[in-house]
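Trainee: Now for the letters of each chain:
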Amino acid sequence: MPDTRHEPIRVGIGTPLNRVDGEAKVTGQAQYAAEYPAAGLLHGVIVSGRIARGRITGIDETAARSVPGVVEVLTHRNRPHTPWLDRNYKDELSIPGDPFRPLESEEIQFSGQPVALVLAETFEAARFAASLIDVSYEAAPHNIDFEASLAEKFLPSKKRNSYHEPKNHGDADAAFDKAELRHEARYHLAVEHHNPMEMHATTVDWHGDGTLTVYDKNQGSQGVQSYLCNIFGFSKKELRVVNAYVGGAFGSGLRPQYQVYLAVMAAKHMQRSVRVVMTRQQMFTHAHRPEAVYTVKLGAEPTGKLTAILGDATTSTSRFEDNMEDVVIWGMINYDSPNMKGEYSIAPRDTYTSADMRAPGAATGMTIFEIAMDELAYKAGVDPLEFRMINYSDIDAMYRTPFTSKALREAYREGAAAFGWDRRSPEPRSMREGRELIGWGMATGLWNAEFVETSARARLTADGRLEVASATSDIGTGTYTVLALVAADTLGLRPERITVRIGDSDLPHSQVEGGSRAAASAGAAVQLACQAVGAKLLAAAAKVEGKPLGDARSLEDVTLTDGYMILRSDPSKAVSFADAMAASGLDVIEEEATAKPGLGDRISQMTKSRNVHSAVFAEVRVDEDLGQVRVTRIVNAVAAGRIINPKTARSQILGGVVMGMGMALHEETMGDPILGRWMNHNLAEYHIPVNADVHDIEVIFVDEPDPEVTPLGAKGVGEIGIISTAAAIANAIFHATGQRHRNLPITIDRLIAT
Amino acid sequence: MSEAALSLANDPGREVASSAIGTVPVTLTINGQEHRLAVEPWVTLLDLLRERLHLTGSKKGCDHGQCGACTVLIDGRRMNSCLKLAVTLDGSEITTIEGLGQPGNLHPLQAAFLEHDAFQCGYCTPGQICSGVGLIAEGHARTRDDVREQMSGNLCRCGAYTNIADAILEVLGTEDRE
Amino acid sequence: MIRFDYARPTEVSDAVREGAAEQATYLAGGTNLVDLLKENVARPTRVVDIGRLPLAEIGETESGGLRLGALVTNSETAYDSRVQERYPLLSSAILAGATAQLRNAATNGGNINQRTRCYYFYDVATPCNKRNPGQGCGAIGGVNRIHAILGTSPHCIATHPSDMAVALAALQAEVRVTGSDGERVIPFADYHRLPGEEPWRDNTLKPGELVTAIDLPAERFTQNFTYLKLRDRLSYAFALVSVAVAMRIEDGRIAEARIALGGVAHKPWRRLEAEEVLVGRAPDRAAFDAATEVLLDGARGHGANDFKIPMARKAIPRALEQAAAGTPQSQTDKRLA
Ligand SMILES: Cc1cc2nc3c(=O)[nH]c(=O)nc-3n(C[C@H](O)[C@H](O)[C@H](O)COP(=O)(O)OP(=O)(O)OC[C@H]3O[C@@H](n4cnc5c(N)ncnc54)[C@H](O)[C@@H]3O)c2cc1C
Ligand code: SF4
Ligand code: FES
Ligand code: FES
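Protein sequence lines, in the order shown, are assigned to chains A, B and C.
The numbering of the first sequence is the working numbering, which starts it at 1 and goes up by one.
The numbering of the second sequence is the working numbering, which starts it at 1 and goes up by one.
The numbering of the third sequence is the working numbering, which starts it at 1 and goes up by one.
These aren't lab readings, by the way, just hints derived from the structure by calculation.
One or more of the hints may lead you astray.
What the hints assert, rightly or not - Which bits of chain C does chain A cover? Going by a derived footprint, with three or more residues having C-beta under 8 Å, they are:
#, segment
1, 87-93
2, 113-121
3, 136-145
4, 224-237
Unchecked claim - When the alpha-carbon atoms are kept at most 16 Å apart in a straight line, the in silico EDC-like pairs for lysine to aspartate or glutamate are as follows:
#, chain 1, residue 1, chain 2, residue 2
5, A, Lys297, A, Asp177
6, A, Lys647, B, Glu115
7, A, Lys647, B, Asp166
8, A, Lys237, A, Asp209
9, A, Lys608, A, Glu708
10, A, Lys167, A, Asp396
Each residue gets a CB set at the ideal place from its N, CA and C atoms; glycine is no exception.
Work out the full structure: start from the sequences and follow the hints.
Mentor: The following block contains the structure:
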């Protein structure tokens, strides 16, 4: 009999649950990659190169080697042998080209390239010795200037897997030429660096028995494991990768970064444990959001109805890999127009390869498109929100396929209502308070709802505790908590009884965490695994004396609550998990399951478009003379299907909005063209928003039931928050000041009216 | 100077009380526990905590005073431990996140951070919490604007700022909670 | 970080003796020096920790001013009730700078001796005359968004980054120093210098000289003052342009005005001629614009920092208006007054 004296609890999908990993984080107990102790640990400090292109002609290590405590200096001259085939260096993202190989040869491909690794008994000795290494170079001509690199722009014949070719319709050029209302402008987005607060770091624990554990900062332990095994000749049994806690990544951990390569190389070479932590300056020597130019041409009827959408974008990459993004497709997907055309190319320069950064492509492309839409709305004399409604498309306007769901109308409506958009005065410069001009702007966000094959294991023990496990990651996204909720929901257990294990390559298969897909994908896998455990429990219950559950065969016949299976048709009949297991002589029930796209008939991967939408509203206050901007209010209304944990999902949106504020106002990595080097490579001069910059942010999740998109009906919320937040701010700045800024970020120098 | 002393000092759990050549004897009270150490002058408090004493709760986010992740309380005042040479702190009392509260025994601000979801990846969090404790002790913050400004020395790339302000305002117990 | 000897004297005389050694450097709060040590920009062979010297008091001077010990922290100074009452401009400027935790460590002596934030100066992989005399200046023709528009030389266009020093310039403080030749007092205007032919010299301290205190004169500006700072985000960023104003208004006319600019030159920028323009005039926009023109006379951009000229041209009259109206800029409410 269930204990009827206590209220049955039902914590599950939709419950705003505190992070289950929260206590570890607020007490400093959560361990990040650089924080694992290892016996006999060596500290590795990376020496970064000075020039942008050319070759190393000499390295004087004498002084460094004479520092007491230094045990080795690895350079291209003495590094251990590694394979020479490019394919050994391919990572999960597989960008076409020749992946960067640290310490491979004397060739220098970008400024800040690692040229040596100093290994010493203490961090301080390694740091000191690193400063003594004297490298001489022969420089070759280089270019890091993006505008200059556009002369070499091209569309690679071998495209990145994730790239989506724009699909053109009608005759966009002709339609644009004929259109009565036209807008054409070129927009630019500066280079941004991810700058997660934790710097990329690796601790290799060399166990001495031929096995090693690599504690590494990344977004996918198994991808890094494969990469390292391919290069260094370990088997997956021998080399385990752990990323249990990741101090943010935003895409910088999608690909293995060079410190993990160096750390494992050094550990193998020295047969010792090694730790390598990048400096903050070195965080500017790898992944970054590509610089972008995007020319948008829009043609419309006088009513504002679009007749032509044309986009032509170029993003930056390195000279050794062809990184591509989807930049121009977003406006084409979102807005109804009979004629559309998208063109895209990449421009190589002498930097490290650009990389995915939170909402790659869309954060650039949709944001810029939404500034262009705002411009045309003003030309048409139509309220910007109304203008979006005029051009609303119920289907994916580019692929011409239906959406599994699209509650963007509701997002517009609820966002506008919360913001008070109807009180907006349409004219630019028409709202002010004292010396501040007030501007209200809005924009639409669009992102993919991804779902990838993921496995999970669920293990129920006789004491009523459940462990769920998958190799997926939590990079601040709340994966731990989401998986606990899904498991709680499926088996009706209290979250306190559930342990979530993730971030370990030994666990069931998961892809790299990116594209906001971990919650939906790993969540689905956990649900399946828990359902399998539930089925076993039910079978076990049949052995309980008297068969209280009768012939209940399917989980549909029972309610699972707080460790009991209760018969739906007669709630007075129940069996506890413990009794069921005891009756069947089971100590443990363990099940593994894999959730796959296309599973069952509900998941229509190909025939329908699967997207997340948002409506962002921003209020800015701009000092009329001095150009100081304050973003005083943001409302972000998001349609992302079912929200598994409203608490952590809200935080994801808040974080995206804050990063969008950075994109709008602050973030810009500036390069010295002569030296070919990023110069503001630190957090004092690369500005991200601080607490004083962030005022009210309201997050709304609109109701969007979508049983088709993913098994849980969830779409993922990691990136949608950043998309178009910068556009809403830029549009608000126009509304406040009458100045249109087409260069992001809109820093104070650009605002100071001349 | 003797590198043997260095590697000894690096040995997990081991503390070196000798004054080997090149090292300076330092006594620090960390989270209420006295540590007699021999430290080279170029070792920062942050590296001492993390690498030698294995108190990794204090985070390194920049190592240059630009992020606040390393914030600890030194004699009750919040400071960036990455910019403090340990030798200069002889005789000081240091409180790190580990000393504020532990799982099951949280400091009110730790509890408020948890409740307000004032973090995501958690990497800036120990610094934010130590900074918040320092802010409350300083007594210069009453309004939300005060809290925002006085917490601006702690970057959060995950963007948890509004929740951080909420958590601190709750513990401050002022009206301006919005 | 290179290796160095460490000394921790407790008497000023010992400190000065230690500091006189070749390649010795003083360490106070460490918020600038430790950073520069890590970057291998500062390469002392001996670090003299002055943290235990008896210079951590704020006291009265004989002439009715305040003496700020070199080792009083920036926080203690800014929140000291005497400073807040008598020199609110100084308090405001300090609170406009850095962060609470940096100000808790930073000292008054360290603040005025902090070095430039020029990107090239900080990055030893790039050329810099200030760091390595004769190497050339990377910022000229490079990334110079944060650089100087006034008083530059062909060898260096760096700015002095301190906010506090800008207020001290306006308040006409004096710097008390002790060296092997004994004590001397340097008027604030003469303390920092322009780069000229010797960009490696930030100030007029002689080698080994120690700042023991900063003296504030008796004259107070408690009604008409402001510190207006423009920067890239609303907190925790160095000034692009900042303006300190201390003013006395009598019978509706400006009796005295001091204007110092930060973020625009190798030292806090003052021009007495500009201040004289204001004396005797009504505090109105025409007067403020006239003073602004004189103050910015000769300003020249280097490309990325050209904007600082119009920015300063707008910020100066605004600050003068704030001061004249008795509505100083709040460092908490980010709306510009
Ligand atoms: C990220 C960051 C942001 C900052 N933002 C700002 C800002 O916005 N505005 C601002 O004004 N400042 C800012 N600062 C700078 C900060 O104010 C200074 O670092 C601090 O004031 C220096 O004081 P200190 O006691 O720590 O000096 P130290 O680092 O100890 O010393 C600095 C220099 O002064 C010398 N020195 C110190 N004391 C004496 C003395 N008594 N006599 C002679 N020489 C001495 C030292 O030898 C050294 O060269 C920032 C710093 C950082 C790291
Ligand atoms: S401006 Fe001055 S500090 Fe900067 S690079 Fe030039 S010489 Fe060096
Ligand atoms: S690590 Fe100390 S401030 Fe960033
Ligand atoms: S929680 Fe990730 S940086 Fe603040």
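Trainee: Now tell me if each hint is right for this structure.
Mentor: Now the hints, each set against the structure:
Counting residues of the segment 87-93 of chain C whose C-beta lies closer than 8 Å to any C-beta of chain A gives 0; at least three are required, and the coverage claim is violated. Only when three residues or more bring their CB closer than 8 Å to a CB of chain A does the claim for the segment 113-121 of chain C stand; here the count is 3, and the claim holds. Only residues whose C-beta sits within less than 8 Å of a C-beta in chain A count toward coverage, and the segment 136-145 of chain C has 5 of them, enough to reach three; the restraint holds. Given a C-beta distance limit of less than 8 Å, the hint that chain A covers the segment 224-237 of chain C holds, as 8 residues qualify and 3 suffice.
A C-alpha spacing of about 10 Å is found between A/Lys297 and A/Asp177, which places the hinted pair at or below 16 Å, so the restraint holds. For the proposed pair A/Lys647 and B/Glu115, the alpha carbon gap of about 10 Å is at most 16 Å, so the pair holds. Between A/Lys647 and B/Asp166 the CA atoms are separated by roughly 14 Å; this keeps the pair inside 16 Å, and the hint holds. Restraint check for A/Lys237 and A/Asp209: the C-alpha separation of about 12 Å stays at or below 16 Å, so the hint holds.
Our distance criterion of 16 Å between C-alpha atoms is met by A/Lys608 and A/Glu708, whose separation comes to about 9 Å. For the hint pairing A/Lys167 with A/Asp396, the CA-to-CA distance comes to about 11 Å; that is within 16 Å, so the pair holds.
Comparing the model with each numbered hint stated earlier shows that hint 1 is the single one that does not hold.
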